[in-house]
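Peer 1: Below are the chains, spelled out letter by letter.
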Amino acid sequence: MSEQSKVSANFSSLPVILLLGLVSLPLVLMYAYLLLDTVSNSEAGSLIPSEFTLEHWSFLWQMKPGKPNIWLVTLNTFIFASCITAVILIVSSMAGYVLSRLNLPARGFFLAGVMVLHAFPSVTLIIAIFIVLQYIGLYNSLVGVILVKSAIDLPLGIWLMKGFYDTVPWEIEMAGIVDGASRFAVWRRLVLPQIKPAIMALGLFSFLTGWSEFILPQVLAPGAHVQVLSVYLASLIADDNNFDFATFKAVGVFYVIPVLILYVFFQKHLMNIYGGGTKG
Amino acid sequence: MIAPAAIMIFLFFLMPVGLTAIFAMTSMSTATGISGGVWQVTQGAVNRLEGDMPALAEGIAQPRFVVDEEGLAALEALKLKPGYVIELRAEHVGEVFPSRREAERVIKALKDRPSTREVKQISDLFNRSVLNTRFESREALVRSLEKLGFKLTPEERDKVATATYTGWVWTTDNFRMIGNSPDMAQIFLNTAFYVAVTLLLFNVSYALFLAVTTHYMPPTTASVFRAIWLLPRITPVVIYVLMWKWLTWDNGFLSLLMGQFGVPPKNYLLDNSYNAWFFVILINGFIGASMGMLVFSSAIKAIPETQFHASEVDGASRWQQIRYIILPQLRWPILFVTCYQTLSLLASFQEIHLSTRGGPGKATEVWSLAAFHTALNNYTGNLEYGLGAAMALVLVVVGLVLSLIYLRVFRYDTLISKPLIED
Amino acid sequence: MTVLPILKSATLAAVLLASTAVFASARDVTISVWSGGSGPNDNYRTDAFDIAADILEREAAIRGEELNIIIQKTPYNGWEDFKQALTLAAEAKKAPNIVATGHEDIGPWAQSGLIVPVEDFIDLDSWPISDIYPNLMEIGSFNGAVYGIPQDAESRPMFFWKPYMKAIGYTDADIDALPVKVEKGEYTLKNVLEDAKKMQDKGLVQAGYGFYPRTNNGPDYWQFYTSFGGVMEEEGKLVFDKAAMKRTYQYFADLVKAGVTKKNHIGMPGDQWWKEVATGKAGIWHGGTWHYARLVNQEGLKDFFGNVQFTLIPAGEGGKANTLTHPLVYLLTSGHTEEETQIAADLIKIASEPRINALHAIKSAHLGISPSETKVDLYAGDRWAFEATERLLPHANAMPNNADFGKYWTIMWKNFEASWTGAKTADAAVNDAENELKSTLGYAIIIR
Amino acid sequence: MRILLDKFSKSFGATKVIEDMDLNVGSGEMLALLGPSGCGKSTTLFAICGIHRPTSGRILFGNRDVTSLSSQERNVGVVFQSYALYPHMTVAENIGFPLTVRRMTAAEINKRVAEIAALVHIDNLLDRKPSQLSGGQQQRVALARALIRRPDVLLLDEPLANLDAKLRLEMRSEIRRLQKETGITAILVTHDQVEAMSMCDRIAIMKAGEIVQIATPSEMYNDPRTAFVAGFLGNPPISFLTGRAKQGAFALDDGGLKLPLAALSGIPDGTALTLGIRPEHFGIGGDVPVEGKVTFAETQGRENLYDVVLPDGSALRSIQPARSDVKPGDSVRWSLDSKAALVFGEDGRRL
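Protein chains in written order, with my numbering: chain L, 1 to 280; chain A, 1 to 423; chain F, 1 to 448; chain X, 1 to 351.
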């Protein structure tokens, strides 16, 4: 974002800040208490924490009965999110280029298809997706659910990449070609470096959605050895035998920390992609 | 270079769509299995046959085990311990048992002590009825029936096969069910209400509000607020819903807060269907607002600054500036967000599934969630893949139609200029 | 083309390694066990297999075989996710060897070939199977074969908070006599409503807390249908008794109308319900025998017998007092080698022995599965198990094992909920249910 | 090397951009393709460098038919209007790129880069990124990159369009110098007649996909074949009067001017005609007097420019040595040089 000020001296910004601050309060409170409750205990019926404690974080060093090891789950989540990022980046940067730049038979059809799919209610296909997965023997495996999640996010990725490729001047590519480079070399060495910010943004975005995904791993990879954090946390919450909000929140915070770190450091890139929707 | 994308999309998009369409035309469920069934004369099948073919139903309704020469010969061929055949032939030939268990008791008592598996093998050989036997093919069933002396016409065979088949069959019942059931109508109305209200209040109006208010702020303050309102979207859904549960739970924030004013604690989320809707819409709306916020913000940023200066010089108030400068130029972004988010809202059920599970009662059950519940996730464990697929197919069709409109609206053809390099 | 030779030798090496591994410990068997609806008190549902495996290994050793069994345990807290995961895993041929689940799953799972009859692998006449209550064994049967070995028994009583009963005029003697009165049909569901109302009117409990039922769908609600004279199955055919179902729907609508039960009770968080019941916020409620364990062990209700009376579910108009037992059963899934399944069956057999099963029964406050189990000290010395077995088990029904029962249940519940929440009248709900049952089940259900 | 376009046609879908064009560029010659935007000159250039394929016809480099060869196989150097420098590479990497993709050794590449950089005078900029260069410097880098592979033909697509006036002047001679020094055949695509006239050996003027005229700059200025060519060349531009033939003379309809011309003998009276008068041929030294009113006067320092409106409303432009006695509003009587007047038929052809 270009943080160029458009604030006019004719209007005071204080009233809008106050107004927005007020409506944002519930959200801020929820997040503040999310963090606060994990390291404190409160008297019953009180909203103000009365003591500092780390007991809610004990899940990090003690295994919960009937639950897999938190570190294994974290590792799974990390593998899951990273692989999705890699697959989406590689596949959609290639496909996006083809759709943006190459003379492909039925290119218009492909483009329309991608566009329709990218707005498609794909989660509803989950039963059929299960059949496909079990047919190719990847049910209850990380690989399977990685492929499915990547495939579902692919149309958006391809569409975004296509949009970003469209902004690269044709002349760079023409220059590459008359300079004697093959089309692949042109893509790899001349065009790809031009869309680095886009790759960064799409990569971050994919990582975050992968990190957050719940339904797909829950249905398609329910086994303890392939469990991811979202499923772990959800199963913790679903278990009404051990209802303990502070622990849930501690697991939640543990789970959300990587997201927040990425968010704080790469906010600009992310805004890029969410705003990028208008391109198509 | 497009091959990997094409393969993945084919495998996990197009094939599932095709399969969903196919499943929608079947009676597939947990009980029928997915891969197909067998032919088994169960008590249920006998009940079904009673009306049309009483004689047959009567004749096959009882189990019958006979120690006969045919069975003994087959047993010899199995080459188990020779003592079994000798003893059976000597002591039990001609005996008839009215149940498997009684036959097996005799076999178990043989001096050579057959194992449990062997007992099963042996008793199978003396089975002279078809009741409860699982036949891998329809011909095998018919053969066995004929062996028992039931001569069947082709139509009768069809009837028997239909009555005894345990797998799924082709049917249009799913769509009839969707069309006729008042519950489906209710779910449909729920969905329409949910999509319309969330879209209108949050994804568009509130997003506009956020975009406009942050526009009138110093850049740093604006980006702080935008960051706050983007949080719901980037927070993993499980945690996000957890926070709402904490807010609305009977020992949660709202209850404690209201407790200060003497209001007894209650579960605000599920207390009644109005509350549930209120929070379901808030939960989804807070996520949905962020996309509109960013799209509208960048659209506002794209308005030349001079237009703002000029309008201020012309004496416009802030409201007039919004009304006459900003809003008219946001028409396309608003249309875009509306189209796009309609589809997202139609497909989204994770938030509702995790917060109210469609409750209280079925008050907040929406179409995609109902499809999920029907096909994959319900208490009785009776997963109706066929009906669920039919419900999903309805969404697929709605999604297709909406996205085609969406292509139209956005003048898709202008987005695909011809490539400039020809090779 | 240099890859091929390398690949070849690698494959060879792998095959060699694998085969030596087989030779080194001839019988290394992994048996996986999943159980649904299992909280921390229910750990012996799966833990029993550790003990059983130990015994089976020792037996093998005595026979001179080396057998090493690895038990993989996966307990699920709830039912929805468990059944989804299990069904999908089975379709993908990745089902666990042993499943502990509700007996009503036998019907559909047997029909689709997802499970195999246990009697193909276990001699039913051998101990301890021969000792199991015959009606429980019947519950584990489908299409003339025994598919499941009962894992536990329970029943579902009505609970009364004694202090409030006293406050509305019952004497200690009255309360002590209540179970008998219920059994004889002298205290009915109508009285439940009246007493709940009295408690509320006296301000003992808040509005909606007089009668405080289960918070979500469950087999419990069939008990009321039975109380009002309904029958679930006759000779292999499901039965939908319109009049009885209407009385059932109407009863809950009346409870809401009288204000003793909340209109939007269904779907409230379970944990809240537990806490409230344990602390006397509710007057009358119904639950299961295993609730005793949770209330006493987890929710801190120290003097259970001093505070709580329990009876059968009282009779309603046209029916009699009853309770429902919903045993969990151990099932063997298909798709494994015969050898593996045989070991799994042997394990189930050992785990069903009285002393091992009693661990589960007492820890989780379920009821035993065999007469000899009641003679195990641990069991005999437990007041709750003893009283509950005596008072409830003789009157226990079970849901039928019928492949179509799930559909029936779904339709019944949907309309139950609709009339409860006031979305439909009881009449309309019964009619809607009838129509849907006719169209989905047709011949398979008798409607009367 | 000679470049030959033989019956070259190009259409995009249903739209025909160029039809049956013949063009012959001699070895070592620099030719300008001059025309307004949309006339097909860039399409022609793209076809020569292989980015577009001809719909029909042939393209020959020397005697080699390159019609169906890809750009990579043609050995052409192109300088694009935007220079198309690779923003993520340094100047040296940019220039060396054509050699890098030919898999030359690093040492060889460095040597050749240094040579060519010295030739275009950017040897001190090799480590910079394109974004750190001025427009003229970027232009030189683009030239160096086009020349380093010793192409058979150098194609320049509006190379000066993005430069300011002073740089444009400097680069004009610079490009010409390089082309002469390397002796390379070059084609310059431009819409600026000054550029075309000052830099090239010959000019091909294009209009609507056709070459209207090919000639040396002076031939074309003095002897345009059509009104279009006449109008396109010359600054300030030529002025046109419309009238009719009358007894071997050009006459305005109101009779205010009658100009006898040799070219009009044998043309029937009443034929519609267009008369082109360049500004330098209307003023004090002509032979046919014309009366009018000055509506606009502009001094350019050494010379003054006047617009004169004739009584019938048509206008003539005049350029004269600076003088201060004529102001807008004055009536003047100046003369036309009838020998330099160009007359065109109704179809725009020169008579």
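I should point out that these hints are in silico values taken from the structure, not numbers from a laboratory. Note that this is a predicted model, so its numbers are computed, not measured. Think of the CB as a built atom: it goes at the ideal place given N, C-alpha and C, for glycine as much as any other residue. Do not take every clue at face value.
To be verified - A few chain X residues that face chain A, going by a derived Cβ cut-off under 10 Å, partial list only:
1) Val17
2) Phe46
3) His52
4) Ser71
5) Pro236
6) Phe240
Peer 1: It remains to establish, for every hint, whether it holds in the given structure.
Peer 2: How the hints compare with the structure:
Residue-level restraint check for X:Val17 is violated (minimum Cβ-Cβ distance to chain A is 13 Å; threshold 10 Å). Hint status for X:Phe46 relative to chain A: holds, with the closest Cβ pair at about 8 Å, below 10 Å. Given hint, X:His52 at the interface with chain A, holds; its Cβ is 5 Å from that chain's nearest Cβ, closer than 10 Å. Checking X:Ser71 against chain A: minimum C-beta separation of about 8 Å stays under 10 Å; hint holds.
The interface hint given for X:Pro236 is violated, since its Cβ lies 35 Å from the closest Cβ of chain A, which is over the 10 Å cut-off. The interface hint given for X:Phe240 is violated, since its Cβ lies 37 Å from the closest Cβ of chain A, which is over the 10 Å cut-off.
Comparing the model with each numbered hint stated earlier shows that hints 1, 5 and 6 do not hold.
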